[in-house]
Amino acid sequence: MRSDLAALMVPLAGTLGVLVVLVADLVLPLAKRRWTGILTGLALAATLVLTFVAPGEGAAFDGTFVAGAWTTFVQRIVLVSALIAVVGGLDHVARTWTRRQGEYYVLLLSSVVGMLLLPGARDLVLL
1 MRSDLAALMV PLAGTLGVLV VLVADLVLPL AKRRWTGILT GLALAATLVL TFVAPGEGAA
61 FDGTFVAGAW TTFVQRIVLV SALIAVVGGL DHVARTWTRR QGEYYVLLLS SVVGMLLLPG
121 ARDLVLL
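According to our numbering, the sequence shown holds residues 1 to 127 in order.
Read the hints as simulated data drawn from the structure, not as lab findings.
Incorrect hints may have been included.
Stated by the list, open to error - DEER-style ranges, computed between Cβ atoms:
no.	residue 1	residue 2	range
1	Ser110	Pro55	21 to 31 Å
2	Ser110	Pro29	32 to 42 Å
3	Arg100	Ala6	34 to 44 Å
4	Ile38	Asp62	18 to 28 Å
Here a beta-carbon is modelled for each residue, glycine too, at the ideal position from N, C-alpha and C.
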């Protein structure tokens, strides 16, 4: 088994994406809030690429989280689904929730991070 960091690289990259989108939402003026959606898509795409580059096996927290082939497969499905949802909904979110676009994308990315942890959970507490 590899180190803890190698097993948690994909969920940590997703968490970094959440932080980047959150800071962008706080910093960007209202007229440029559409960029939060674009940043969300880029964060999801970068995390998806990381699933192909990063080592796909390892354990973290004394076996509470175990990364393997099944974990990577489910993480890729979740990331592709979220990426399609973000890219497909950019215009709708910009029209419908003009002032709350950042909140929408931060919540979406936060739930994606939870879904990235879910397939590797080997303990009821983490699940």
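Hints, verified against the model:
For Ser110 and Pro55, the hinted distance range of 21 to 31 Å is satisfied, since their beta carbons lie about 25 Å from each other. As the Cβ distance of Ser110 to Pro29 is approximately 24 Å, the hint placing it in 32 to 42 Å is violated. With their beta carbons about 36 Å apart, Arg100 and Ala6 fall inside the hinted range of 34 to 44 Å. Distance hint for Ile38 and Asp62: a CB-CB separation of about 39 Å, inconsistent with the stated range 18 to 28 Å.
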